[in-house]
Amino acid sequence: MSKPDYVEIVEEIFYKTKEKKTEEFKYVGKDVVRWDAISKISGQPVYTADLLRFIKNPVFVYSVRAKYAHARIKGLDVSDALKYPGVLAVLTARDIPGINDVGYVIPDQPLIADRKVRFIGDTVALVVAESLENAREAGELVSVDYEPLKVYLDPLEIIDPETLQEKPHELIHDERGSDILTRYKIRVGDVEKAFKEAAVVVENKYETPFQEHAYIEPEAAIAIPEADGGVTIYAKTQCPFDTRKAVANVLGLPFNMVRVIAPALGGGFGGAEDVGNEIAAKAALAAIRFKRPAVLLHTREESIIGHTKRHRTISWYRHAASRDGTLLGVEAKIILDKGAYASLGPFVAWRAVVHSTGPYKVRNAKVDVVAVYTNKIPGGAFRGFGNPQVTFPVERQMDILAEELGMDPVEFRLKNILRNGDRTVHGQLLDHGVGLEEAIKKAVELSGWYEKRRLYASLKGPVRRGIGIAIFYHGNSIGAEGADYSSVSVIIQRDGSIVFRTGLTDMGQGAIQGLINILAEVLGVPPHYIKVELADTSATPDAGPTVASRSTAMGGNATLVAAYKLRKRLDQLAASLLGCKSPDDVVIEAPKVYCRDDPSHTITWRELVEQAFWKGVPLQEFGYYRAPPAEWDEETGTGAPYFTYTYGAIVSDVEVDLETGLVRVKEATTVYDIGRVVNRTGAELHAIGGYIQGMGYALMEDLYYDSEGRLLNTNLSTYHIPTALDTPEKFNVYFVEAGYYHAPFGAKGLGEPSIVAIAPSIANAVANALRSREANKLVSKHPLTPDYVYSIIKKAGVKP
Amino acid sequence: MFYKLPSFEYFKARSVGEALELAGKIGDYRFLAGGTDLLVDLKIGRYKPRAILDIGGLRELSYIINDGSRVRIGALTRLEDILRSSVVRERLPLLHEAVYHMASWQIRSVATIGGNIGNASPAADTAPPLLVHDAIVKTRSVRGERAVRLEEFIQGPRRTLLEPGEMIVEFEVPASPGLEEYWAYRKFGRRSAFTLSVVGLAVGAEFLEGSPVFKVSLNSVAPKPVRARSVEEYLKGKTLTDSVIETASKIVQQDISPITDVRATAEYRRHLATVLLKDALKEIAGRLRR
Ligand SMILES: Cc1cc2nc3c(=O)[nH]c(=O)nc-3n(C[C@H](O)[C@H](O)[C@H](O)COP(=O)(O)OP(=O)(O)OC[C@H]3O[C@@H](n4cnc5c(N)ncnc54)[C@H](O)[C@@H]3O)c2cc1C
Chain A
1 MSKPDYVEIV
11 EEIFYKTKEK
21 KTEEFKYVGK
31 DVVRWDAISK
41 ISGQPVYTAD
51 LLRFIKNPVF
61 VYSVRAKYAH
71 ARIKGLDVSD
81 ALKYPGVLAV
91 LTARDIPGIN
101 DVGYVIPDQP
111 LIADRKVRFI
121 GDTVALVVAE
131 SLENAREAGE
141 LVSVDYEPLK
151 VYLDPLEIID
161 PETLQEKPHE
171 LIHDERGSDI
181 LTRYKIRVGD
191 VEKAFKEAAV
201 VVENKYETPF
211 QEHAYIEPEA
221 AIAIPEADGG
231 VTIYAKTQCP
241 FDTRKAVANV
251 LGLPFNMVRV
261 IAPALGGGFG
271 GAEDVGNEIA
281 AKAALAAIRF
291 KRPAVLLHTR
301 EESIIGHTKR
311 HRTISWYRHA
321 ASRDGTLLGV
331 EAKIILDKGA
341 YASLGPFVAW
351 RAVVHSTGPY
361 KVRNAKVDVV
371 AVYTNKIPGG
381 AFRGFGNPQV
391 TFPVERQMDI
401 LAEELGMDPV
411 EFRLKNILRN
421 GDRTVHGQLL
431 DHGVGLEEAI
441 KKAVELSGWY
451 EKRRLYASLK
461 GPVRRGIGIA
471 IFYHGNSIGA
481 EGADYSSVSV
491 IIQRDGSIVF
501 RTGLTDMGQG
511 AIQGLINILA
521 EVLGVPPHYI
531 KVELADTSAT
541 PDAGPTVASR
551 STAMGGNATL
561 VAAYKLRKRL
571 DQLAASLLGC
581 KSPDDVVIEA
591 PKVYCRDDPS
601 HTITWRELVE
611 QAFWKGVPLQ
621 EFGYYRAPPA
631 EWDEETGTGA
641 PYFTYTYGAI
651 VSDVEVDLET
661 GLVRVKEATT
671 VYDIGRVVNR
681 TGAELHAIGG
691 YIQGMGYALM
701 EDLYYDSEGR
711 LLNTNLSTYH
721 IPTALDTPEK
731 FNVYFVEAGY
741 YHAPFGAKGL
751 GEPSIVAIAP
761 SIANAVANAL
771 RSREANKLVS
781 KHPLTPDYVY
791 SIIKKAGVKP
Chain G
1001 MFYKLPSFEY
1011 FKARSVGEAL
1021 ELAGKIGDYR
1031 FLAGGTDLLV
1041 DLKIGRYKPR
1051 AILDIGGLRE
1061 LSYIINDGSR
1071 VRIGALTRLE
1081 DILRSSVVRE
1091 RLPLLHEAVY
1101 HMASWQIRSV
1111 ATIGGNIGNA
1121 SPAADTAPPL
1131 LVHDAIVKTR
1141 SVRGERAVRL
1151 EEFIQGPRRT
1161 LLEPGEMIVE
1171 FEVPASPGLE
1181 EYWAYRKFGR
1191 RSAFTLSVVG
1201 LAVGAEFLEG
1211 SPVFKVSLNS
1221 VAPKPVRARS
1231 VEEYLKGKTL
1241 TDSVIETASK
1251 IVQQDISPIT
1261 DVRATAEYRR
1271 HLATVLLKDA
1281 LKEIAGRLRR
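Quick note, the sequences are listed as chains A and G, same order.
Per the working numbering, the first sequence starts with residue 1, numbered consecutively.
Per the working numbering, the second sequence starts with residue 1001, numbered consecutively.
Treat the hints with care, as some may be off.
Unchecked claim - Here are the computed lysine-lysine pairs in the DSS-like style, where the Cα-Cα straight-line distance is at most 30 Å:
#	chain 1	residue 1	chain 2	residue 2
1	G	Lys1278	A	Lys799
2	G	Lys1278	A	Lys67
3	A	Lys568	A	Lys20
Worth flagging that the hints you see were computed from the coordinates, not collected in a lab.
A quick note: this is a predicted structure, and the numbers were derived from the prediction, not measured.
Turn these sequences into a full structure, and let the hints steer you where they fit.
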């Protein structure tokens, strides 16, 4: 079978530019001002809620939430709420024309609860009113007759950690007959034998917390009824095509009658996946019913209660190694605290199992991942998507192993890491760009690892310093989660300006700038010629979801294909207009176009475009790219789960106050192998932004529930994220560019990878600062709040 | 659960006199200064007053006056003005330092010192320095003026000696050469900025016939900001040697009664009180030796 043309194009460009240094490109890898920077910093109305000022005669939709974390709904009385001034309707589950479900992966989550509520964020009714205030006030008057059920906050009440069997309990999802959402496993080699032969075995229990995305923009949706019975929705959503599907299901409409547009998002980090579907569906219900624009705006508290979080995990890890420091085997059990609904949990659990042994050569492994429902806010997608939760225990284990073996943590890792030509634990052959060794060495050099290790070990006094490393790999794109494709369209206008369309969204991550740089590089036009249209299900081609660090590689490939085809046609035309020897000799440096050997004889880009118009050379192109299907064997956990991996090494340098337990990061070094830097500013800011978000996860962020399942920290005064003053004084950022042949100029993703190994690098640095074998084992969960670190210091008897 | 502002009648006072008259008449009201505490409290339903009396615009109560042995600060002086005042920086450095660590520029630009004390939060950050200075709270109503020691004025969480119709008009803060020179402040929060105190601590030394008298105050460790009287008693007439500091920082446990909340456990707060006090006393001992 011959390769599809799009694969050939991507390969051709990759091999043609493989040896070309990134500095030698014109736009790729350069510091280019982001296309949307000026409108954002000058406060233009770019976000969904901003658009309210252009909307006339709206109705407002407010979600009445559950009063119990787990209860049966015996009855619902909306009569008082209906009498409240300005109230138009109180919608309940019965008012849904289509299917009452917004479950992302499996249909387990009603849009409006009908039989029971499973967490405090469940919606029991929607109040539609003339003002948001009236809707909220009337919401207080909706009276629900609940039969409270036992509230489960700890997954270990539901699953036995020894046997991983479900315990008898009052089911949260009685309709499913089980509160185990999903199980994944890896079974390779002979683990028993490996442990028997091992010189050193270390085992420990680990915990990672929930994490709130804390994006700046709380959710918002505006739905506008269309004359044909359809609806157009502007909403904060990362994945407008998924949102369209959810809304169409709820309304019982065909997809083409639902148009979803994603304006700029004020942050997403994965959090704007499911909740985007939910808010869009709620607003659309009201818009269709009242034939008026319908607006839904979340407060910060509604946002925190109403959208998914990073899954909390509890895990048990055992590692076996030989005396010379070779990893022999891994055994692990990982429990995901699912919260009330599946959301993207099945995929998160899968990514967790894939990455559960880290970027190491592992021949013997027995791993089980189980996702267990509880009555908490659902876990869902969050930058890293299951990988941070397993990288933390793995990288802690590596440091404990190194200590047991008397090896330096870097040397120990170098002995076991994956290199080109190795196979992953799943048996996947790594036949390209494994830049991990280079990344580790560069991080060691930039951070001054060896000198600091030595120096810090001799420091005296109550304030200690420590330095720690953590490494990781991260599968790009969605792997075996589904069909993996991307598309864009490029339309050159008659004046030479360019319209760029893709269903990928901008949530502040700036990935679109990478696509602009690629398009500009191939066409030979400055980036400011290109205008990016909003992701719009009726106007932009479906590019798959904007998730999983896939925009640069997948969207970039589609962009590359479209740009390549346009460029070929324009080169042909230019060669004939200018009389170049061959189309390959045409140089486009818009506004100038000339033959390579005669730069003095030029035509303009605009003239070229005009000629194309008259001569019938099409000026629009569609770019499509489909990734090779991933392979995964459910029984053994083997195959080729992702087509490529981003690698990285993080070194954190911390200060620990032995008297208070306070940890401060002084310096951070991040080195990522991203194949090729296509957007330098974006990549550097991701390295830093990912670090800071990871540092919050490591040091201060967690959710606190009372015993009834009510969240205690529902806003940013009690959910603490780092401030500018908490950030390290110094960042060393470096990129390794071990290219991937099926990616644009070799580029791989960075969005999620930039958070994956931050927490373990900080935890390892803290453990290093404590200089105690016992404390090393006790650093087994985060956030590493002063309370917790001080309790370790006390327990391990660490003295100044 | 999803907070909204309840309805109320709104009055904007054009003078202190008018505010007091209105207050006397209305009965069920709340003063609104910067609103940075009050708006949150209204939204969560802590207060449901019939009326809001907006005194935020009364510039006549916004001043910092260097008045010989004391500094007088108008109740409606904004925290940012306090931070920028050279009088405060030189004569009340503890207050300067505490305000420096409060909130953010945006909040400090509307929040007032009267609101911080009037709110009577156990975590009020201006309280420890003001307590160390033995500040006097001046109040006024149509019935006349009163002067109450701050230590008595704050009674417990959100409770003060303020009577109906009474307004805080001024803080009279005794200054002394000792406190200008020998002071130490610590604030321990959940992060490095923009955070409420998990424990806040102000320590200063004044001189009586040539020998130092130590004054210690903490917040967030009791139902209200407290003076650590047992510590002060113990330190009377002593020199700050390492062992004295050690003992003093343990004695502080008798002066506090912290609780567990989302910011920290009671046990950890107790530990912090000792650690921070030890640290602060060492800093002062160092300065005294010079
Ligand atoms: C984001 C944020 C961060 C914060 N950080 C801190 C911090 O770090 N440290 C800290 O201590 N606080 C902090 N606060 C709390 C608050 O900002 C301060 O307590 C502030 O000083 C309150 O002043 P205000 O003028 O806004 O008071 P308001 O909210 O207007 O009033 C507070 C209370 O005092 C009463 N009151 C006000 N003025 C008078 C008066 N003259 N006479 C009688 N009663 C009066 C009011 O009726 C009300 O009950 C923070 C608040 C926010 C929102």
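Going down the list of hints, with the structure as the test:
no. : hint                  : in the structure
1   : G:Lys1278 to A:Lys799 : holds (17 Å)
2   : G:Lys1278 to A:Lys67  : violated (46 Å)
3   : A:Lys568 to A:Lys20   : holds (21 Å)
The structure fails hint 2 only (numbered hints given earlier).
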